[in-house]
Amino acid sequence: MQNYNSKLKINKDFNIVIMGVGGQGLITLLQILAEAAIIEGYDVKTSELHGLSQRGGSVEVHIRFGQKIFSPIVSKGKGDLILGLELQEVLRGFYFANEKTKFLINDYFSAIPGANFKKEMALEILKKLKENLILIEASKICQEKLQKEVLAGIYLISLASFKKLIPLKLESILKAIKKIIPAKYLELNLKAFELAKS
Amino acid sequence: MEEILINKPGKKIILLGNEAIVRGALESGVNFVSSYPGTPATDIGDTFYKIQNSRQRSGSLVSLRGRSEPKAAKFKIQNFYFEWSTNEKVALEAAIGAAFSGLKSMVAMKNFGLNVCIEALVPAMYTGIKGALVLVVADDVSCWSSAQSEQNSRAYSYLAHIPTLEPSDPQECKDFTNLAFQISEKFKTPVMIRTTTRVAHQRALVKLGEIKITSPGLVVGKFVKDPERWVTMPPRVLEIKKELLEKIEKIKDFSENSKINFLIYGDRLSVDKWGVIVSGISHLYVMEALKELNLSLPILKLGFFYPLPERKIKNFIKNLKKVLIVEELEPYLEKEVERLAKNVNPKLKIFGKDLIPEVGELKPEIVTSTIAKFTNTKYQILYTKYQIPVLKRYPRLCPGCPYWLVLSAIKRAVKKKEVIFGGDIGCYMLFGRPPLDFQDYLSCMGSSIGIAHGIKKTTNQKLIAFIGDSTFFHAGIPALINTVFNKSNPLIIILNNETTAMTGHQPHPGKVIKIEDMVSACGVKNLKVIDQGNQEEFIKTVKEFLEKDEVSVIVARRPCIFVK
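Read top to bottom, the protein sequences are chains A and B.
Okay, so the first sequence: first residue is -3 according to my numbering, each after it adds one.
Okay, so the second sequence: first residue is 2 according to my numbering, each after it adds one.
Please keep in mind that the hints were generated in silico from the structure rather than gathered at the bench.
Be aware that one or more of the hints could be misleading.
Stated by the list, open to error - Stretches of chain A that chain B covers, calculated by requiring three or more beta carbons in the stretch to come under 8 Å of a beta carbon on chain B:
1. 56 to 68
2. 135 to 147
3. 152 to 164
4. 184 to 194
Claimed, not checked - In silico PhoX-like cross-links for lysine-lysine, where the CA-CA straight-line distance does not exceed 25 Å:
5. K144/A - K13/B
6. K386/B - K96/A
7. K13/B - K213/B
8. K115/A - K364/B
Claimed, not checked - The calculated label-pair distances, taken between Cβ atoms and stated as ranges, are:
9. G218/B - Q143/A: 43 to 51 Å
10. S271/B - P178/A: 33 to 41 Å
11. E127/A - V391/B: 22 to 30 Å
12. Y181/A - G218/B: 43 to 51 Å
13. K144/A - K336/B: 52 to 60 Å
14. V360/B - Y181/A: 36 to 44 Å
15. E127/A - Q388/B: 16 to 24 Å
16. K171/A - Q388/B: 17 to 25 Å
17. E116/A - K416/B: 35 to 43 Å
18. F105/A - Q388/B: 15 to 23 Å
19. L182/A - I7/B: 19 to 27 Å
20. Q139/A - V564/B: 37 to 45 Å
21. V530/B - G62/A: 51 to 59 Å
22. V360/B - Q139/A: 41 to 49 Å
Built from N, CA and C at the ideal position, the CB exists for glycine as well.
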């Protein structure tokens, strides 16, 4: 722990921020990605919050992997990939974005009670990302094909790996899913993974 | 999850900070664990609870995820007892009793829990203990899951004179827990581990140690009579205080020689004349900053917050021109460094709160730009130039929550403007958010009733005080008795959803004690138990009870949607 290199190297860490609403399973996604990262021999750190987010509030989790990771939180402007499970929540991702950051977003809108913000307004803002944006109706696809909307997260990270948006192999993600997901949900999650691959 | 039980020293697995603390306790052979739920500490109790339950389900150890484990030998741990206690004070007192009887005990709570149990902690430092006692306190910096205040537990280290360790990451969470048990056993004193949200809820690789098993079953303790020790009466109590302060000096020597206070880039001390002092999460942000800026500055990383290794700090600062203390919240370390610098380096320039905020958690980019300023390094944050709207999505009551029915009944029973609504800690904290607006004050556990009494004694206004079932047992009972004993007439609505919901549905005494029996025993005459599904009866009773001259209680009983 105390043996730091006296010669500092600039390491190329990979920083992901995942945003969504309570109940979308973000912490499970975090565990899967962390496991996949250590399968490939990386050092990894994550950050999450428990508690109030459960009750439909905002959820934001961070994962960073590389040779040697210190901060568990992604710094401003240092996000490599922003994963959005909901259209309004992902707008917070701009805080962590720079000109090169990619956004992979679930085209799913959960209205904020009392707020005057419409889905079209979110999409209008996201248009600015141009080719850095991939929008996909993950919730809709998972509901139609697998009757379980909550699988959207697994679908999204599998898709991210397949499209090489995350420098982690599909096999690592698969191994991680098998390790983290409880037995009774495993089959459905594997189906979501396969769906993303196709 | 069963990985936390593997006895494979040297294996590296990913653990949450809180899980790593549990692992550290298991490795130390903990016998007795007590806790009260509170974010960000709840996972500690939840994990012990899961392990205990899985053992009780059958003879062999069932895996924590419901698959039966063929090789039970893989998961041999020292058998321990775990309880969710009624509140943090009795949780600590129970652990003290276990420790008096020679057992290794652990207590876990969030920062506010210390407020509740400090009454027992201060004398426990005087008496000391026999086995071991490790107190884990998790500060919710930035109040991600807290009302009340942004409270810094470090202040209690001074008040109680309790040795305090501050881990930065999950590995240290485990290692410092091991060390805390060692210190506790060696010096016969409680030891505190203080974490914050970003440490408790951080996941990272942890190298496992060996799980020690001293006895196959639950260890049976023995309380040995020793009133000179366990009884804190004067004048003996003042003698004990002297002994405590002498003990702290010995622990200070231990701290001076401890590896958990260490130098990074110490070889640059003579070169740079600039240094940084870190503790807890700030350590990680400073390391990140140095990596980002491609710098190597001498850093003193403090694992001990109390007692501080003063000689080590003096050695660090004596030849520096300037030092930066990267510290979250109040400037405790900064003030200590100022005091120590007076002797060894009066010309030292000390930077801290002038550059680092005192409110809210540290962010890595703030630390990086501060280090850049401190070292006159150019630093620019890259970001997108898009203007994005700031949307707040607040947590709300779950769809189908029984509390919606209470609110709809009250809306029809009274004019909101004419009634004062008292709030308390639990899911019903969310009654305040617009457009609900059923909350006029919200302070701390049990204060809904406590404050209601004061308002009712001094005004002529109507008042409804909400309190949850778990909170009622935790702190509401003395407040309720006070309204009877000292005669005030608030309407108290006890929201009995049969669980401690906000923190993850932990059990509470309502399982064995009927709330209405307790209320009746407190002398309350105006008492009704109503399922709020029965809207008409609820509305009628609220109207009726608001006219009473004595305290009245409605127990609104309907289970949380997550209670089976």
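Hint by hint, where does the structure go against what was stated? Just the numbers, ascending. 2, 3, 4, 5, 8, 10, 12, 16 and 20
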